[in-house]
Every structure is written in C-alpha cells, then in structure tokens.
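Assembling the complex is the task here: the two chains are given apart, and the hints tell you how they should meet.
Line by line, the protein sequences give chains H and V. Position 121 of the first sequence, counting from 1, maps to 121 under the UniProt record's numbering, and the rest follow consecutively. Position 142 of the second sequence, counting from 1, maps to 142 under the UniProt record's numbering, and the rest follow consecutively.
Please note: incorrect hints may appear among the correct ones.
[Said to hold, decoys possible] When the alpha-carbon atoms are kept at most 25 Å apart in a straight line, the in silico DSS-like pairs for lysine-lysine are as follows:
#, chain 1, residue 1, chain 2, residue 2
1, H, 139, V, 408
2, V, 408, V, 396
3, H, 95, H, 39
4, V, 354, V, 408
5, H, 95, V, 102
Treat the hints as calculated values from the structure; they're not laboratory data.
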Amino acid sequence: MTAIPLRPPRRLVDLTLDGEPVRAPEGSTLLDACRAAGKDVPTLCQGDTLTPKNACRVCVVEVEGARTLAPACSRRVEQGMEVRTDTERARHSRKVVLELLASSTDMSTTPRAAEWIEEYGAEPERFGADAARVDEEPKVDNDLYVRDYDKCILCYKCVDACGEQWQNTFAIAVAGRGFDARISTEHDVPLTDSACVYCGNCIEVCPTGALSFKTEFDMREAGTWDEAAQTETTTVCAYCGVGCNLTLHVQENEIVKVTSPHDNPVTHGNLCIKGRFGYQHVQNHAQNRD
Amino acid sequence: MDLRFGDSKPTDEERAAVDALLGPPESAWEGADDRTDTDLRWARGGREARERRELLLPGLHALNDRVGWISEGGLDYLCRRLTVPPAEGYGVATFYAMFAVKPRPATVVHVCTDLACAAGGSAQVCAELERDVGPAGSAGSGAAWQPSPCLGLCERAPAALAIRAGETPQTAVVAPATAGAVADAASAPHEAAAEPPAAAAVPQACTDGLVLLRRVGVVDPGSLDDYRAHGGYAALRRAFALGPAGVIREVTEAGLVGRGGAAFPTGRKWSATAQQPDHPHYLVCNADESEPGTFKDRVLMEGDPYALIEAMTVAGYATGAHRGYLYLRGEYPRALRRLRTAIDRARSRGFLGKDVMGQGFAFDIEIRRGAGAYICGEETAIFNSIEGQRGEPRSKPPFPVEKGLFGKPTAVNNVETLVNVLPILIEGAPAYARTGTGTSTGTKLFCVSGTVARPGVYELPFGATLRELLELAGPPEALRAVLLGGAAGGFVRPDELDVPLTFEGTRAAGTTLGSGVVLVLDEGVELPRILLRIAEFFRDESCGQCVPCRVGTVRQEEALHRLKDRTGAAAAGDIALLREVGQAMRDASICGLGQTAWNAVESAIDRLGAFK
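Next up, chain V with everything else stripped away, as it sits in the complex (with noise of 0.2 Å):
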C-alpha cells in the first residue's frame, strides 16, 4: 500500500481527539511530528497497523464528539495513525448521516420527522424552528438543526435530539418537543430537564406476568447487586452447568426465533456458528435499532442493562466466541451511557473478562457507536460498520455463520432476541415454549406509537390478537389503520384486528411482525403523506451499493409525489410503475433494505386502496 497524505494539518484539539483514542504516535511513520533516527531506518506500520482499521470508525465519532466536524487535517491525521487511505476514510465519513465533512455548528439538533412523530406533529416544530433559528442547515445563534430519521423516542413524539461537540460532549434529549423546547435545549443542553425513567415508556410496567420487561422499573439500571437481587447471573449459572451444547439445545428447544425481523430460528444460528472449525468466532449484538417505530431495544437497554450484558455472555458462552460487539446506534446517549457503566461494573467483579464467574471462560464485550445509518442493521453492513468499511451489506452466501466479522464465524443476534435467552434458561424450556403457539413461542414485545392513548413498549405473550394489544394501548375512536412491522412491514385494516400477533398469523394476513411496530394511525391522518415519508426514509437511508435500490427507491418516491392528490384513473400509471420499479427492487436488490422497501406502499395501496 502506497498512501500518499496531503498538507492538511489537524488542529491540536483534533490532534489531542485521535491521540486520546489511539494513544501518541509513536513514530512519524504513523503522524509524530518529528521523525527520529529509527524512523530512517525502519518503515512501520504494515499488517500490524492496518489490522486497526477497526477503530477508524471510533476515530470518526472521536473527531467528531470534540468538535462538531470532521476536517480534512482531523481525517487525514486519523487516517494516517491507522494506515487507511484518505479516500477511503473520506468514503466512511461521509457514509454516516450523524457525521459532517464541511465545518458546522458544536452544536446540532437532530429533530425527528419519521412517522410516530410527524403523526405527532413533527412538521409544526420544524416550521417554528425555521421560523425561529433558520432553515434547516443553518447555522442560527451557535447551533443548526435538521431533520433527522426515528430517534426511537415515539412514545414521547415529536422527539428531538441535540448534541453539543466538545472535550465532554453534552446531549439533550427533548420529547416531546416544542420549538421552544428545543431552542433551549441548543442553546444549553446540560440544562435540559432529565429524561423520564426508561419504565415511563412502558404502561405495563411493574405489573405481574411479564418476562423480558420484568425488571423494567423495578431494578436500578446503574446497580449490579440491584440486578443480582432480582435474579440477574441465575442464567448465566445455569448455562455453565448445561455447557455451550446444553445451552443451544435449551434455546432449540424452547423454539426461540429471531426478534429483529427475520425470525431466523436462533438455536440453529448459534449451533451453527458453535461448530465452525475456523476460530476465533464472535458475537455481535445488534443493537441498531433504526426501524421507523421501534423503540424496544433502547427501553429494554435503558431500564435492563445488565440483561443484555448477562444474555451477550450466554450467547457467547454457546457459540464459543470471546469477544462480543454490542454495535448500538449513535442516537441513544442514554442507552449508551447505561451500557457503558453496566459493562465496566460486571468487569470489576468478575462478570466479564478472562474468568467470568471463576468459571475459566474468557467474554468481553465491546460497544461500538453507530453513525446514523439504518443499513447498519443488515446483519453484514454490521460487520463493514465494526470493521471500518462503509457499511454497504455484503452479499450471501457466504452467510456470517460461516463469514461473518473480520471473515471470521459470527453469530449476529438482535437485543430482544437475546433477552429472551434469560427466561429459558431459568424456566427451562418446556416452560418457556408453553407461552405462546406452536410456532411462535414465548413473549414479543410491540413499540406502539401513533394516535393512541398510551404509547410505549408493550409485551404480550405471542397468540394475542392486535385488537388485545390496542385495547392496553387504548385505540383511537376513529381508527384508520396500522402500520406492522415498521416502514418494511404492512397495513392492517381496522376490521383486520383480530389478527393474531404471531409470526405466522401475520404472514397469513399478508403481512408481518417485523421489528414489532405498530404505528396506530386515525381518520385524521394523511395517509400519501405517510407513504411519501417511508419512501423518503429508503431513499435517504439507502447505501447506494446495487441499481435496483440506489435509483428504484429514487423513482418511487418521485411517483408518490406525483401521486399525493391523484386518485383514480388519473393515478393508475404511476400506481403501475411502482409495481414494476417495487418488483424488481424486491427480487434483485441485495439486502433486505431494498428488497422490502415497496412493502408498505404496496400494502397500502392493495389492502388500504390509497389513491382510489
């Protein structure tokens, strides 16, 4: 490799932001000032420094975090410490939405317009701060706002997120926001008032014959002994006396699926992984949670933390991997805070590290901070995320079993998913497979947002009906319809409400359970301007990497613009087009992004008769 770096020079505050991460160079062949006598006579760097590569997008978030930007002396400094080409850390930069290349305010505010919150009234706090600061990008009084994909704060919309660059860099959490709300929370987000606790999104909270959310409320987040008390680590113990292959069998047969919405049978990934004969293997938790809607991930990692911690541990533990990567999306400070002492705390004594519980298994685990990209959820845009790639999926097979992180075997399961591992092993599972049905066993938890009385995350044993759910939730008087599963996911009409809230059930009605949304939408809700806003999510959210995606989801958003007061004949043509363009998005883009991104549109137009 021949990298070749401009003259741009970082300032010492970008200097001190890498060094801080990477430690000082130690010589001029990776940024030192001075070059020394050895540095003449001996090249460094090769294999040795490109194997860090994985820290360029920790780099980023280290420029970033301090100040506000990245500037070319800040990314040629970090890509000259990790031996990665300019161009390329020039195409991860600017790959992820949360990171700027061009000088900006220290202070950003990230309101969100997706569909819980602009079902909220999204739209009036963007005009007022229009209005108020400047448009959208500008730089008013210090700070710049701009709209922002799901912040996963639906039950509180409209959200809006603001985060001030510096040595401690500060963020505010504002929801629901006003335009004056958020001003204030620009202007001094360490004075923003505290976030409600995490149960306040949870209206079942401390309530009897709950599984994954029992703790919720109940347990201090921050405290160990507090988990411990309330039977934290019994699991763990027990998967050390079933072995790794107890474990997968317990998980086997407790009929376990994937809960991030592909609801692939987890015993079988993990068995899968657990026999490959190439090593190291890896655990990665995704915890991207980007889904329009979704917003149980964060609730179940804010008010359980240390849950996730032990069910990372077990998985682990099963799948022979020593090192997890819990990948967390950029726009959860809270959940990231919460994590970050959980992992430190269950460290110190013991819970994680080279002897976990005195039991002789070494498991570590390691977040890294998304940037603000949906696709990072793909299961392998994960992997080019943690690896310092841009995060484009990469195509199957190879499948991550057997390629996954660092071309290494790799079990990649969601937060819920893993949660779910807790009771099975403390039930059993027999037990654990007796709630719910045949095919869809256990407890799911549903993020329901819109025009009901109470939002939040909800969990009901798998069988339950969405009218059952939308009654807890309280149902507005003039139901419209129901968006499941999140923008990849389907409409359910208001007289399709006994729909069982089962992975088959929903696929029997024409739809699916996806990442569990259910966005309750009323009469009063502009249904061509819901479905333009899911189809400027996949247009904004694509990676960009194959045609189908790039330009169909491009071309379906055009139609819905032309569509959004066509009904009728006069809508026919470009209803037709988006067939052929949803078609063809469907069966040959790579990843799952485009390969769903027609799916509520369609659904809307069929099962809803939008634009009749």
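In isolation and in its complexed conformation, chain H is listed as follows (with noise of 0.2 Å):
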C-alpha cells in the first residue's frame, strides 16, 4: 500500500475557467485547476515532482485584464480570476511556439508532441528550409547514457533536478544565451569529467528524450526500440534498505530501461546510479557470458 500524505485543509479560491465557475484549493496553480475541470492544457516543461520553470510557454491561457497570456503552470488561482483556455489568442500562441519548438529542435521523442502540433494546426515547415536549428550531435561520452541536445526544448527540468531540487550535484546549468543557450556541464567538458553521478534523476525528468538510456538510444539507432512490446513492473530496489521503487522497462527479455514511480513518497521518481542503471547482474544470463 502506498502511504499517501495528507497535507492541511486549503481555502477554497472562487474563479471561472471559460465562463464556468469553479472552486480550486489556495496555492494552486491554474494547470491545476484546468486538469480538475477536466481541462487538457498541452505543457511541456511543467513536470510533476518540479517546480514549473514556465519557459516553453505552450500552457499560455487568458487571464481576464492582463496585457499578455499567462502561463498555467505557474500561476496561482486568485479569488476571482476569469480565465479563459481556449481563446483564438492562447491558441495561436500556442500553435506559434510548437511550431518554433518543432522548427528548430527534434521533436520526434517528445510524447504528445505531433498529437499537440495536429491539433493546433501547426506548421513547422513554413519556416523555410533554411530555418537556424539546434543542430547538435548527440553526446556520447559514457555508457550510461546519452544527451542529443539536438532534442533539448530548454525546459530546465533537468538542472532542477540535478541542482537544488532533488540531487544536489550541479552537474548542469544553462550556459550561453539566447538561441546559444545549451544545457552544459562546467566548462563544457564531456560528462565523464564532470561533477555528474549518474543517478539518472535527469532522464527521469526530460519530457522530450534529449536525455536517454544509452540502451534506448542504441536500440533507436538500430530501429529496435519497439515501446509497444515493453512491459513495466515496479519493484524494490534491492541494493540497500532506503526501499526505493523501480519500474524495470522489459523488451524481449531484457531490461531496456529503469524508470521510478513519481508518486512514490520514498523517491518521488529519483533513484540513485545502482537503481537506475546497476540492472546488468539480472539479465547476465549464462549464453551472455563469454
């Protein structure tokens, strides 16, 4: 049974998504309050264990007298707001920015990416054939795994994770600026030289597979990655007692990938660089041995 924490009663906030009027807890944000309404509002860089850094600004709604569009993510109820999802003006913007996101990076990984870019009737390709990309090499330099920054959206989930939010190693920041900007490591040295643990806590977060599995990668590559023939299973990590949860991802046999389960008040989705990649004893199978 999974413990779940009940946190103290909240003040109910009055407000009105599209002329509907809705009530949703003090401190909420609207994504919150679009979600309980039933609401799909497309988002990217919002993730469930961090702290929204309202960058990719695809969740952008209308908030009754504001000059510009808010971000959902971030921004919190008030008693009052009249807010609207699905105006002509939020979805342009939105179909804008998935047409400058898909123009200038790859979105080929980035779940509901194409389902979003269909919706909104996004074009990417008006840009030009000459439109500035990303354009980055995948960054192989462990075994571990790989970052295909030519994926990145900038959403600085990962940062978050590796810096004050869960891992606290700072192994990477935002570095240069503008269309420059890359997520990098100190002095932009390969990762083996860096400050990086390899828990992995990135991956976990990315929302586009700039960051993979070495695995995953190399089975992309070779156009074996089949995610319809994976299953799941949670388990318990069995390296120490902490009792973290792992959710091995099995293709053919085979542990493909190890994911952690967001909700679970032991690691909300962080494991450690033996839960997250020390899976190769399981599977060292006799006719694998020399």
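Printed below as a string of structure tokens:
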C-alpha cells in the first residue's frame, strides 16, 4: 500500500474557467484547476515533481485584465479570476510556440508533440528549409546515458533535478545565451570529467527524450526500440534498505531502462546510480557470458 | 551541496585578482593551497559561503579585467572560493557578452554597430578594421576587435570602446571613430585623447529653464562641495524634514512616473515597498541603460553624479531601504569612475554611511557593474544578475515590491526617474506638477541621434511636440522617419511630427516614449537594413529562457533577411509570418524584451509602408 501524505485543509478560491465557475484550493496553479475541471491544456516544461520554470509557454491561457497571456503551469489561482483556456489568442500562441519548437529541434520522441501539432494546426515547415536549427550531435561520452541536445527544448527540468530541487549535484547548468543557450557541464567538459554522479534523475524528468538511456538510444538507432512490446514491472530496489521503487521496462526479456514512480513518497521518481543503471547482474545469463 | 572541482589551477595572476576582491582564503575548504589540521576536523563553507554568491559577478569582472578572459582554472578557483557549482559559474560567465571563456588578447575593442552608429557609418569602420587588423575576433597585433551593441555614445556616432586588461585595466572611448583612431586606441589605450566633457552631449547646457540637466556643465562632477554650492543635498534635507511618508506623498502628488520605459507611478511603487512587513528592503537603481539610442542616464551620471547619489539616498529613506545597489552597465567606464569617486566622497563626508547627515538614517550604495547584457535592464533580471545568477528575468507575480532582490521587498528605479525626485522635493509637488500635462508631469530627457545637426540629450517639458524637439536639434532636409522609444519603440512619419511628447499622446498615436530615444532617419537611410539591425539586436540579446523569444527573434531576423530586397506581393508571405510570430512573442514571452521585440518592425510595416 502506498502511503498518501495528507495535507492540511486549504481554503478554496472561486474563479471561472471558460465561463464556468470552479473552486480551486488556494495556492494551486491554473493548470491544476484546468486539470481538475477536465481540461486538457498542453504543456512541455511542467513536471509533476518539479517547480515549473514556465519556459516553454505552451500552456498559456488568457486571464481577464492581463496585458499578456499567463503560463497556466505557474500562475496561481486568485479569487475572482476569469480565465479562458481556449481563446483564439491562446491557441495562436500555442500554435506558434509549437512551430518554433518543432522547426528548431527534433521533437520525434516528445510524447504528445505530434498530437498537439496536429490539433493546433502548427506548420513548422513554413519557416523554410533554411530556418536555423539547434543542430547538435548526440553526446555519447559514457556507457550509461546519452545527451542528444538536438532534441532539447531548454525546459530547465534536468538542471533543476540535478541541482537544488533534487539531487544537489549541480553537474549541469544552462550556458550561453539566446538561441545559443545549451545545457552544459562546467567548461563544457564530457560528462565523465564533470561532477555528474549518474543518478539519471535528469533522464527521468526530460520531457523530450533529449536525455535517454544508452540502451534506448542504441536500440532506437538500430530500429529495435519497440515501446508497445515492452512490459513495465514495478519492484523494490535490492541494493540497500531505503526501499526505492524501480519500474523495470522490459523488452524481449531484457531490461531496457529503469524508471521510478513519481508518486512514490520515498523517491518521488528519483534514484541513485545503482537503482537506475545497475541492472546488468539481473540479466547476466549464461548465454551472455563469454 | 556536493561540489566537485576539476584539476585546473589558477595562475598566480588569476589567484591574485580573485583574492584582491575576496581576501585570501582562510582554509583549504575555500581554495587555500595548504591544509591545516583544523581543515581536517571542520568543514567550512556551507550557508555562510553560499551567501557570498552575489560576489560571483564582481569576481568574474576581476578575472576578466586582469587577464582579458576567464580561464578554467580562474573560474574554478572563484567558484571554490564562493561555493558556487562550477557548472553554474560557467553558465553565468557565458551569459555576458563582455566576458570570454576562450583565450583572447588583453585588449578588446568594441565597435558599436547599432542604430545610431550604423546611420553614422560604423559599417565602414568595421570594413577598414577587417582590412587592416583582420576579421572580428581575430587577434591581429595583440588586440581583437568585435562588433558591439549600442555603447550609449550615440551623439558621437560611430563609437568604439577599447578595454585593456591588466593590473590596472585601461579603457579608451573613441567617438567619433575612424579605423585609424580605433587601431591607435587598441595599441595604446592610455594615450587616447580625453573624452569631451559630459556637457558636450547637452546642446542646451548652461541655458535657463533646465531642471534635470541644470547642473550638467555647470557643476564640477568630481567635487562634493561644488555640488552643494549648486543646491546639492537640499532635497535630502527636505526629505528628512518631511519624513518617509511625507516624501512618498510629495512624489505621488507630483505625479512622477518611471522614465525607464514602463511609466509606472513612482509614488505607488515606493509606497508599496515601504509598506511591506518583510525586511530588509532594498533599493536598486537601474543604470543598465542599454536600449539602442539611449544615453541620457550616462550624461546625467557623468555630468552630475552626486545628484544620483542624493536621489538614491532619498529613495532609500522613503522606502525604508538601508542599502542601494547601483546597477551600471559595463560599457560606461567614465560614469563608473565618477560615481565611484562621488560615493567615496559622500561616504567620507557623512552623506552616506551609518548616520546620513547626522539624522540617524543608515544608507549606503554599492555599484554593481553589468557585463554586456541588455536583458539585465529588466527589473527582475537585474536581481538575478546582482545575486550572481544568469541575468534571466523572473516571472511575475510576485512583483519586486513584494519579492525582489534576495527575495526581499525592492524598489527598482531608473536613473532619470530618481533624479526627478530632487526638484520635486525642492519645489514641492504642486510646483513640479505645473510643468507638463495632466498625466505626464515634469520634464523629460530625450536622446536625439541620427541625422540631425546637433545630436545630444535634450530636456523638454512634457507636452512639447516632436517637431519642436527636432527644431532644437536641427532636423534633416529630407526626413524619412523618426524611431521613437528605441528598438522596442515605434516609427513616426514626417507628417506626424505634431505628436505631443507625453505618455498619453504617444500612446494615442500608436507609439511610445519608451526610454526617450529619438532616432532621426533621413531619406538616405536603408530602412530594411535598420529593421534587420533591430532584429539582430533582439536575437543577440534574448536571454534564451522562453521559447517565443528565443526562437521567435531568430525567425523574425530570418524573415527580414528574406525581405531585404523584396516588396509587394513577393513580401506578403513573410510579412504575414512576421505578424504571426510577432503576436506570439508579444503575448507569450516572459518579459518585456520578447514582448516588444516586434514593435519597431511592425510599425515600420504598418506606418512607413516598409516592403510595400
């Protein structure tokens, strides 16, 4: 049984969403209120275990009286707020933002991106064949995970997970400025020379697949990655006594990656290097040995 | 925090530069070479060290000033001293245009290629430099040159700024610049001709009726006594007589609104800050004047530095702040020198410090030098920059009056706004409010540049028309357009010169006063080229945090490149694209940079018929 921590009761504030009166707990975000009301507001940089940086701007909504659109993921509900989630203006911004992202980065492994691009009628190709792209080669500098910044939308989630929000390792940060800004280690050294401890919590939160297990990266390259054929089994990590939950992703009887349930009160989806990557012994079958 | 540092070691020079700022390291925990026995028993650092993170930017300046660039060893040493993760230190160092993390010569010349300088022939200077010295960034003859955004020397365009690193860094301003003069300044910055006095940028200097500029050219900017002889510190004395609430009342009744571009009522900002229960309160003076075509704050700071010091003290008193940060853009060496001198002298004479003028009010000012980032003029990006983070804007709410610098209530005011407080206190609110119009009270500084006979800073009462301003400056015979409000502003046609220069008047005319830029373009100007420069500027200066601005400014520039030689039907597709991207930038960007990046281009299309 998973323990569900109870929070002290919170005051409810009244607001309207698309003209419908709703009540939301004080301190919750517009996105929380939208989801509670069954509205599907798209978002990329918001994550369930992190404070959103509201950098992607896909979740913008119209707040009555505001000059600009507001990011639903981080704007808090206020008493009497009138919010419109699906206006022409909000839809236009979402469409253009999706076009800007898809025209500059590779969104092929971003869940739901294709669906939203279709829903909002985004046409990333209209900026022309010469439109500037991030154009980064995948950084394969260790055996555990790959950084493919061509897929990076700079949502800052990996930086937050590596830094003060979870891991406190601070191995990566945003370097450079503007379109040239990139997630980078200190002095842009390879991961193996950096402060990285290979917890893989950055992979866990990456919304686009820019960070992935080496296994997944290799299998995608080889064309053998088949998510539909994978099973997921959640178990307890056997390395130490903390009791972290591991979700083993298995394809053809091989573990292909390891995640951790975000609603687990012990780990909130975070693991250490052993739990995340130390699964080889499980499948050290006789036929695999020399 | 579990920090890991690489093997790179600082050179003796780098170590000396950092130690000169921070003092020698006390233990191996913060970078000392030798371990002592106590180092093995106690870990030092922790919170105490982390709270010094705000010294990161001054530390980066120390390294860059000494060596000319920031090496791995130097950066790691600085990070170790401040307990800053090296990846974050690297992220901050690479954010600012004036820093380099790759080796470069000790002397770097920044050649302004922005709007006024472009109109004044900077392209030719660059072409000649390319021929004589080599391409931008290359290290011919021990010095490198690089194109630069606006250096704030628009009245003397084209302009260049040479910076030579060393134990005593040297700077030389060359304006108007020729390739020869730039090369001379690069080889011997200390021998460069002295800059003309600040008053040379004020064509109205020493005439009656000036309020904000009345002392520029009259007072000796280095002398506190001369400042007092010209009415200095009378306003602060009056402030002490009125009390903080009385000062806020005067400022509110005077109708003063912010002159940095946003036109927010100053009295309301001060009152909201003063009322916050959370303490300490901070005051930040925004002197990061980086809007292309703006140089009024520089002229004020160079010509009458004590006025700003006094005005900041008044603002600190009113808002309950005991510490003021003066965030000055890194491209203003003379303003930096003069303000430093003024602050030191004011402090030594009791006008700053623990007991200002014997009134029991403690207030001091610290100068923080920017390092080449337009975005740091955004009020929340300033906080991040001062705190030693990347100069990225924060999302609002919470607003600065509630959670600003170091998470505390903060009032942020532009230089010109602050200096307005002096005449308000001396004359009283009603007298001040009699100048100007009902909702735009007082006088306004305008930075007139481009093709006029007498470029410079002009002070006019609000309500004067653009035509009257241009008459003072000597307009060109064949006027094409006026860019009002800078790169984030809008164009005005020659038949619209009767627009009153007030916040409401320009708004009604579909443009803005912004920071007071009046860039005059004659018929000889290539409008598409100017628009492209504006787009380049925003692409360069976007911090990269949010998608609409980071990618949108790139797409805008690409479309303007395609449009350069196109008109009519051939241009229609790209203009439609610009409108769509512009709308999303305006609606969905985090801060004003992205929200206004399409203003000038839009107004050129709609009001000037660019690409028709």
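Hint check:
{"no.": "1", "hint": "H/139 / V/408", "in the structure": "violated, 41 Å"}
{"no.": "2", "hint": "V/408 / V/396", "in the structure": "holds, 14 Å"}
{"no.": "3", "hint": "H/95 / H/39", "in the structure": "holds, 17 Å"}
{"no.": "4", "hint": "V/354 / V/408", "in the structure": "holds, 21 Å"}
{"no.": "5", "hint": "H/95 / V/102", "in the structure": "violated, 39 Å"}
Comparing the model with each earlier hint shows violations of hints 1, 5; every other hint is respected.
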